[in-house]
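*Asks:* Need the complex rebuilt from these two chains, each delivered in its own frame; the hints are there to steer you.
Taken in sequence, the protein lines are chains A and B.
Numbering follows the working numbering, in which position 265 of the first sequence is assigned residue number 265; successive positions increment by one, without gaps.
Numbering follows the working numbering, in which position 9 of the second sequence is assigned residue number 497; successive positions increment by one, without gaps.
If you are wondering where the hints come from, they were derived from the structure by calculation, not from laboratory data.
Source: prediction; values computed, not measured.
Here a beta-carbon is modelled for each residue, glycine too, at the ideal position from N, C-alpha and C.
A hint or two may mislead.
Short derived list, chain A residues pointing at chain B, Cβ under 10 angstroms [unchecked claim]:
no.	residue
1	F14
2	L17
3	A335
4	I448
5	V459
Here is how the chains run, residue by residue.
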Amino acid sequence: MLAYVLRKLLYMPFILLGVVGITFMLFTISTRPEALAKIQLGEKSTARQQYQWLESKGYINWTERGLAKMKAMETGALPTRTTQLFNAALLEEFAADRDRLEAEMKDLDGRDQNDETKAAKSVLEDRIFKNKTLINGALKSATTTFLIEKLTLETYGKANALAAQEAAVAEAKSALEEAETKKDGVEEARKDYEAAKKQFDDAMAATPGALQKLKDAKAEAAKKYAKIEDVEADLRYTSRFTMFLHYVSDLLRMDFGDTRSGRPVAEVLWKGMGPSLALALPAFLLSELIALFFGLLAAMYRKTPMDATLVISSIVLMSVNGIAMIMFGQKMLAADWNYFPISGFASGFGMVRYLMLPALLYVVLSYGEHVRFNRIIMLDEVGQDYVRTARAKGLNENTVLFKHVFRNSLIPLITRWVVAVPALYTGSLILESFFGIPGLGYLTVDAISNSDGNIIRAVVVIGAVSFMLANLLSDVLYALVDPRIRLG
Amino acid sequence: MPWKDVIKQLLKRRLAMFCGVVIVLCMLFAVLARVLVKDADLASRPGVDEVAEGGTGMERYYHPPGWFLAFSPEHEHWTKTGTDKNGKKNPAIAMEARSWGLADGNFWRFPMGCDIEGVSVLAKLIRGLELAFIIGIVPTLISAVIATIMGLAAGYFGGLVDDIIGFLMSVLASIPLLLLLIAFIQAVKDSEAIARWFEGVGLGDDKKAVRNLLLVLVVIGVTTWVGLCRLVRGEVIKHKNREYVQAARALGCGHGRILFQHILPNVFHLVIITFTLAFVGSVGLEVFLSFVGIGIDPTLPTWGQVISAARNELQRDPSVWWPLAGATTLLFVLSLSFSLFGDALRDALDPKLRT
Chain A
1 MLAYVLRKLL YMPFILLGVV GITFMLFTIS TRPEALAKIQ LGEKSTARQQ
51 YQWLESKGYI NWTERGLAKM KAMETGALPT RTTQLFNAAL LEEFAADRDR
101 LEAEMKDLDG RDQNDETKAA KSVLEDRIFK NKTLINGALK SATTTFLIEK
151 LTLETYGKAN ALAAQEAAVA EAKSALEEAE TKKDGVEEAR KDYEAAKKQF
201 DDAMAATPGA LQKLKDAKAE AAKKYAKIED VEADLRYTSR FTMFLHYVSD
251 LLRMDFGDTR SGRPVAEVLW KGMGPSLALA LPAFLLSELI ALFFGLLAAM
301 YRKTPMDATL VISSIVLMSV NGIAMIMFGQ KMLAADWNYF PISGFASGFG
351 MVRYLMLPAL LYVVLSYGEH VRFNRIIMLD EVGQDYVRTA RAKGLNENTV
401 LFKHVFRNSL IPLITRWVVA VPALYTGSLI LESFFGIPGL GYLTVDAISN
451 SDGNIIRAVV VIGAVSFMLA NLLSDVLYAL VDPRIRLG
Chain B
489 MPWKDVIKQL LKRRLAMFCG VVIVLCMLFA VLARVLVKDA DLASRPGVDE
539 VAEGGTGMER YYHPPGWFLA FSPEHEHWTK TGTDKNGKKN PAIAMEARSW
589 GLADGNFWRF PMGCDIEGVS VLAKLIRGLE LAFIIGIVPT LISAVIATIM
639 GLAAGYFGGL VDDIIGFLMS VLASIPLLLL LIAFIQAVKD SEAIARWFEG
689 VGLGDDKKAV RNLLLVLVVI GVTTWVGLCR LVRGEVIKHK NREYVQAARA
739 LGCGHGRILF QHILPNVFHL VIITFTLAFV GSVGLEVFLS FVGIGIDPTL
789 PTWGQVISAA RNELQRDPSV WWPLAGATTL LFVLSLSFSL FGDALRDALD
839 PKLRT
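Only chain B is shown next, with the shape it has when bound in the complex (with noise of 0.2 angstroms):
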């Protein structure tokens, strides 16, 4: 695989390096989560608000992102500023106490606005970003060894490994995804050996959370490989009569130094490929099992959890739509680089494959 040509093409694409920038911005946040935004600010800090002198007045200590108070003082989160513990109503606040401008701090002290629980909804955005890049990452990793090497086996071997293994694959490709990752999750959710085998890995009873996320992460893994492996199979029969494959037979070299040292770098452009869109596939899984609220722990700072949560969040009054836009916002702005810089990837990658 000619490297040097693929970067020079990819880099002749100013969008899709731009994207590659973003996704490299959001890698460098997502590692640095931990250290950007501790714990303790994602603790939820209920009761009036601290800000102003006596607080704001807002019983509700939640409040939309401070360009947007600042920028409609006319709004009802300024009028409705519910009662206060004893049942009094809070007075509403004078045009003075409004210190939401520019020049003061609260206009960047909640960008995103603080959601129901008195947490930053970007430090919380942050930390579920750290946390779409795992839900990102393992599946993917996951489904591509599984599909490599089943495809690799299937297009090589043929005969009965490629029945035995295009019957799974017809298998798994019939049942629908979503009911077979429900299904899937229900049925190992609770299973005993497995719950041992993650306390000899060092995650008890007490990291409950991160230990239903691997599951469900494993469980996607091993659900969504069908896809790639078609692929892969197609592309290795094509080359299991190549020149070069022959001559390495002749050469004496045995099947797996031929699958593995020539043929695996010939069919990887498609692994890379898929990679991409797998990633945001995965990430989109993850928002949907939030929301059907099978398998990920609602104490977890996913963009799922957000988005799911704001359902009822929306319907409140006055609606809190901030924690929902800045979620979307944010996975948009993910997937979208995502997309372009796979587009970009793919063309230059394999040009058969341009549009």
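Here chain A stands alone, though its shape is the one from the complex (with noise of 0.2 angstroms):
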């Protein structure tokens, strides 16, 4: 027995390896590193922030013109709040749409214009436009930091000043000649050009060569950054296999992020523990008592009346949609008769009256699925030789039915118990949001409606553990109770 437990032990990391890579290739497909850092710090946060963040958790590498461009933006040689950092895998893609819808329109060119073509062409050049918004804008971007970089800060703003004012000049000379032309308030004109050109000249004294130097470095960054291809990249994302290896690290030191709302996931995922457990436990001990008794007339009256209505009755509980009779219950126990509150709940004491329609309910759920199984399971023992061999000795029937048949169809029951305690703590999803009840069912259904990604992994990893572990115990428990089984 031992060697099999310690084998299915060894199995487990791999199987957990194995559910923890699903997880995490599920979680990734969609969604960009990007989105799990502003889920983390925030809609708030800068992009700066996210991505050292992300470089943090693994998810991204500086280049080396990343690392500069964030020492500068450290010591204040660049303005933090408009650098933009690229990631060559955005960068990429703007090309390729570009290159794609490009195609597309060449090829729409190439076919006959009728209507069709004219209203698939329009919905392209939406596009187009949208992709050329977007590169338009990083180049922006990539030349305004070229342009800061080569003047420095203080003096690229000076420049700019100039520039604005050389602007100015040339606005007030076209007034001016427009004034003359139309030989109106020529004289105001003329005074507001001469004062625009004096500050200029002013400015242009103070700081000789800025305006040149300014000119200089636009003409080399035109140059410099025709497309998008020529953007250097600041940051790239690492291989998927690093990411999955960070977040391995990440969840054997149990850390599972944070929510949306900013609490650490294991901080809520414990609180909410409490009232999953108070309602599951008590509804599946009661649950599990009923279907036991049931189980045991069913083998008492078997092939009478008896055992036919407890039959009928399972099956047609079973086929009743739980949703449904969810909604049934709670309007007309809670909502019309108000025998119970319709939902909410307490702590302490107080919170029994909340607990007791969700546990009533699932009582009746489980009810019809429990108590076939169980009346399988000791129908089958009934009809064992030893029962016969049982009876031929005198036994009366009750102690046939509870010392014996009762024992042994214990075992497929213990083993059932066992795997369904882990489903416990994650309560019924339904019930709980249902009435309210701020267990991890309603947790994660919650989360579910925010796509809170962190909770639902960490659910999910955990109801793993959980699941695997109880497995094996029970495998164990089996052995041990029955004494025909040898593990191994």
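*Replies:* Written out as structure tokens, the structure is:
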């Protein structure tokens, strides 16, 4: 037996790795790491903070250019708010989109021009426009960064001011010429022009050559950043495998990340476990006791109308949809007849009245399947040879049933109970969300509606681990309880 | 597999045969659903019910089943008439105007009542029946195919193949099904590659509801094959060293032929039995997914949507219970028939599993 247990325990990490791998794959296929960072750090975090967090978690690697930019931003040489950090993957995506859209446009141009192609063309033009806006924005940002780096922030600012003044001068000049042709307001226009020119000349004298430097640098930038492919990336995503390794190491340290509202997932899960267990444990015990009772009843009164009633009732209750039953139950028992409160929860002893209806509904919901299963098991046992022997020995029916049949039918039942226990902590998703019980099930349904990936991932991993442990425990228990079974 | 014996055994059980007839009737309705309930019947028709002269006075255009109204003249649905669009309270309906007796057409007009949007509940549920069959059959088919292939391979070849497939089964079985479904659906929902594939097949952006439904069904199929696979694998292992397989090998049959011509027919009864159970399970899963709000478009008239929409309807004053009652009843009838028929089928196909 020890060898069996050890072997199973040895397999477990691999299966766990598989489970974690699947959940990781499912959650990263559709979300970018940037979205993850936003969840963790909040919507208001800057791109710089997000990328720093991503780097610490192993999702991205800085390029040299990126490192230089970050250092410049720290020393104040680059403005933090406006400097954009370029992700290699995003840049490649822009370029690929542009090429693909161009190819589609060319293809549409080659076909006959009718209403259909015109409609498709206008849709395509929309997309091309959006893509161009993105690309132009990126190019502009890259150009600005290059200019600031070349001229230093201060000089850049001054040169920009100069350029603005130069433009103001040109505007005043054209206003003057217009006034002269119209022969109206010439004097004011000339005064404005003189003032603007004087301001410009003074400023030029203060910082000679700055404007020229700016113009030269702009020309250089235009040549350097002609297309999006010329922009250097500041960071790139690491391989998915590296991301996965980091994720696994986080899990090993029980670091599940933060929920959307900022609290650590581990704390939220821990607090949610209490109400879940408060509902699930008593309900589970009650429903199993009742199912055991009815199973024994079916075995005792087999082949009588009582047995038939039990079979019919269990199949009927199994076929009714659980959600509909909960809705009707809640409406009739709580809302209409006011036997129970409709929903809500309280801590301490007050929670009992809030848990009564959910527990009752749990019992009714699980009655059908459990009674059916128990009945089959017990009838199986009753047909065995040892029961015939016991009766032949002269034991009365009660002893045969409650001492022999009951004990032997407990074996498969125990294995089923042990495996059902991990499901208890997750609570019943439906019951908790209908009755407003703040347990783990309610949390999970909330997380689904809010697309909070961290909670769902954590619940899945914990569920898988406890399920595997429970399976192993039930195997061991089965071997302990049934002397005919030898594990290994 | 001695099919004649199976059918003879099956015919002996009258209850199961009755359920079989019910199932066939449902299938008939499902196939004819588009003919019986045209799209216009499902269109939302808010406004005063135009049945009686000058309307029924009910500003609410939804009302309970005709027979319910006829037999409960004191019900508040008559007295709570609501207000018209100018804000004036509609007058209570006079006794003479209550033409809901057996002889009048109103009794039969809405056998299951008329829901919030003015659509006859029965019409919506018949359309839902068609969808329920699709929801039941597609995932079960997919999962049966996957499970059979995996089970045959794992049981027959053993060794490394068995280890790999066993590992896959353990991993999939360890993750709670509902959470696995939700994670899978959210991952796949917005994928570009899949959207483009769908466009190629002809389900563009306008048919988003059908597209999402198919996606959900495929996901259910791909995640629920583990149970059947375990059964098939066990059975294949039992059959692997039987004499007829040894004889086939001695005759020079290759692995493929042995698997699909000799072993598969002897294992197939498990597939059929699981099919009936999985059908019901799949429909139940859809109800849950609609309730949680994942994957199923609210515009599709599936039963799950009716049931989850009923949650808000029940809280109205007076409460609107008849869509929920109708959907639950139809779902109950379908589940019961499949369960009983599946039970009888199991008894007929494999006496060893008989209870």
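*Asks:* Hints first: check each against the structure and report whether it holds.
*Replies:* Hint check results:
Of the supplied interface hints, the one on F14 (chain A) holds, with its beta-carbon coming within about 7 angstroms of a beta-carbon of chain B, less than 10 angstroms. Restraint check, L17 (chain A) versus chain B: the minimum CB separation of about 9 angstroms is within 10 angstroms; hint holds. Proximity of A335 (chain A) to chain B holds as hinted, the smallest CB-CB distance being about 8 angstroms (cut-off 10 angstroms). Here the hint on I448 (chain A) is kept, as its CB sits about 6 angstroms from the closest CB of chain B, short of 10 angstroms.
For V459 (chain A), the suggested interface contact is upheld, since its CB lies about 6 angstroms from the closest CB of chain B, less than 10 angstroms.
Consistency note: the structure conflicts with none of the earlier hints.
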